[in-house]
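Using the hints provided, position chain B relative to the given structure of chain A.
Sequences listed follow chains A and B, in order. So our numbering is basically just the index in the first sequence, starting at one, shifted up by 3. So our numbering is basically just the index in the second sequence, starting at one, shifted up by 3.
Hint data in this document are derived by calculation from the structure and do not stem from the laboratory. Since this is a predicted model, take the numbers as computed values, not measurements. Mixed in with the good hints there might be a few duds.
No copy is singled out in the list; a pair is fine if it fits within one copy or between any two copies.
[What the hints assert, rightly or not] Dumping the calculated DSSO-like pairs for lysine-lysine here, alpha-carbon to alpha-carbon at most 27 Å:
hint, residue 1, residue 2
1, 71, 186
2, 151, 200
3, 96, 244
4, 244, 229
5, 244, 228
6, 186, 21
7, 94, 229
8, 94, 215
9, 141, 244
10, 186, 244
Read off the chains here:
Number of protein chains: 2
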Amino acid sequence: MIESVFNHRSIRQYKNQKIDDKSLDLILKAASRASTTGNMQVYSVVVTQDEAIKEQLWEAHFKQDMVKQAPVVLTFVADFNRFNKWCQQRKAKPGYDNFLSFYTASIDALLAAQNAALQAEDLGLGICYLGTTTYMAKKIIDTLNLPKGVVPVTTIVVGHPSESPNLTDRLPIEGIVHYETYKDYSEEDIDRIYAEKENLDSTKSLLEENQKETLAQIFTDNRYKKEDNIVFSNMLLEVLKEQDYMNQ
Amino acid sequence: MIESVFNHRSIRQYKNQKIDDKSLDLILKAASRASTTGNMQVYSVVVTQDEAIKEQLWEAHFKQDMVKQAPVVLTFVADFNRFNKWCQQRKAKPGYDNFLSFYTASIDALLAAQNAALQAEDLGLGICYLGTTTYMAKKIIDTLNLPKGVVPVTTIVVGHPSESPNLTDRLPIEGIVHYETYKDYSEEDIDRIYAEKENLDSTKSLLEENQKETLAQIFTDNRYKKEDNIVFSNMLLEVLKEQDYMNQ
Chain A
4 MIESVFNHRS IRQYKNQKID DKSLDLILKA ASRASTTGNM QVYSVVVTQD EAIKEQLWEA
64 HFKQDMVKQA PVVLTFVADF NRFNKWCQQR KAKPGYDNFL SFYTASIDAL LAAQNAALQA
124 EDLGLGICYL GTTTYMAKKI IDTLNLPKGV VPVTTIVVGH PSESPNLTDR LPIEGIVHYE
184 TYKDYSEEDI DRIYAEKENL DSTKSLLEEN QKETLAQIFT DNRYKKEDNI VFSNMLLEVL
244 KEQDYMNQ
Chain B
4 MIESVFNHRS IRQYKNQKID DKSLDLILKA ASRASTTGNM QVYSVVVTQD EAIKEQLWEA
64 HFKQDMVKQA PVVLTFVADF NRFNKWCQQR KAKPGYDNFL SFYTASIDAL LAAQNAALQA
124 EDLGLGICYL GTTTYMAKKI IDTLNLPKGV VPVTTIVVGH PSESPNLTDR LPIEGIVHYE
184 TYKDYSEEDI DRIYAEKENL DSTKSLLEEN QKETLAQIFT DNRYKKEDNI VFSNMLLEVL
244 KEQDYMNQ
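One chain only, chain A, in its complex shape (with noise of 0.2 Å):
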């Protein structure tokens, strides 16, 4: 049983106290040890620990104190340019400038942002994971000056944690697996698989700050609202176009 998987809680509070470098060379490492398509490595990892870089990606990432306060932040970004760069220079025309080689490049990148992520628990340290890194990708392309063939997939911020919140609640097993073929959800299942989840306490006084009915509203009107999810779509995909992934 690895323990950093069954520990894990995102950590969104850290001491003033940097990385040592061995402790950041075994995490990159462990990035790296994750599978690949093919074996082509079709992603890159920009280490940030410059406080006037991490001040930029902090306003990237809707202001979460948490990327100033971690000491390292991690951007994985789906990368074909070395890949493409390494074929032109061997006499060879690569064809990776459309939407199925961007999906590949971001699997390859995500199997390496886990790695990184249970290294670093393993190591004691916390991290979290920032979902936002998508909603605001042409920022982050320009603050890291990432070139075409470049796209950020995802970040997790690295540090001390001081913090230990308990372990977050997830949907009984049964809820998210199907056996042999997927069984779609009827109205009973569903009630049963969010029942424990619409009777925690975090939820009573969630629903009571926010005036709302049901936890399900906080989400589709505060969270993750539609018309956000519209925009930040759209933004997305002009990114994939402009980073030369949407040529098909």
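Same frame as chain A, now just chain B:
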């Protein structure tokens, strides 16, 4: 140091031996502990062990024998279907039928997949990722009865290894890591980064076998061809439309 991170090999040959239920449950539990966007868990895992359904998946995955040989096939799917149903039952209007939501759900599915893969390896089992999942998404949707809002993202086969391959080569860490911001690669950088890979004995025999001048040509001309990428890009984008993820 997480052993299964650093000892990972893709396993393509499996013993004719089932995985016990306790191990399978632990693997699925590991998946469920991965970071997930806003704790929405917008993914599912389809566990296929039935021979007839595995045979159809084998067809989808370019008839790679490991799909039949391995006792368990885990298909990780981006899944807003469950969440949407929950919203609708709770007087909330979901706005997750767009590209950003698909990509968000893909991230969830991939982090869960990597947790499952590492936990399986920690139990002494072997795994292999199947990149064919996105190429053949439509056929997998049909085989696994995936409703709208559900798209296959990746697959791992899991079983008892009957081979023990060497660790696969990787680019040197400096080849995939950038400090502070992205430093684009010079010709000399590319030569240096790819030197080890290009000088492997396995590369030399591959060139001879395929009658190619450079390793890069084996990727562009044989393994990941532009014309195939274009076909699969269009198929995947079509799938996203059909599964109701392209309304932005």
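Each hint tested on the structure:
Taking the shortest Cα distances, residue 71 and residue 186 sit within 27 Å of each other only across copies (22 Å), while inside one copy they are farther apart (44 Å). When the C-alpha separation of residue 151 and residue 200 is checked against a cutoff of 27 Å, the pair qualifies only between copies, where the shortest distance is 25 Å, while the shortest distance within a copy is 43 Å. Only within a single protomer do residue 96 and residue 244 lie at most 27 Å apart by alpha-carbon distance; the minimum there is 20 Å, versus 30 Å between protomers. Both within a single protomer and between protomers do residue 244 and residue 229 lie at most 27 Å apart by alpha-carbon distance, with minima of 23 Å and 17 Å respectively.
Taking identical chains as interchangeable, the C-alpha atoms of residue 244 and residue 228 lie at most 27 Å apart whether they share a chain (24 Å) or sit on different chains (20 Å). Taking the closest pair of Cα atoms, residue 186 and residue 21 come within 27 Å of each other only across two copies (23 Å); inside a single copy the shortest separation is 48 Å, beyond that limit. Taking the shortest Cα distances, residue 94 and residue 229 sit within 27 Å of each other only across copies (15 Å), while inside one copy they are farther apart (47 Å). With identical chains, the CA atoms of residue 94 and residue 215 are at most 27 Å apart between copies only, with a shortest distance of 10 Å across copies and 61 Å within one.
Both within a single protomer and between protomers do residue 141 and residue 244 lie at most 27 Å apart by alpha-carbon distance, with minima of 11 Å and 24 Å respectively. In this homomeric assembly, residue 186 and residue 244 come within 27 Å of each other (Cα to Cα) only across copies, at 22 Å, whereas the closest approach inside a single copy is 36 Å.
Checked against the numbered hints above, the structure violates none of them.
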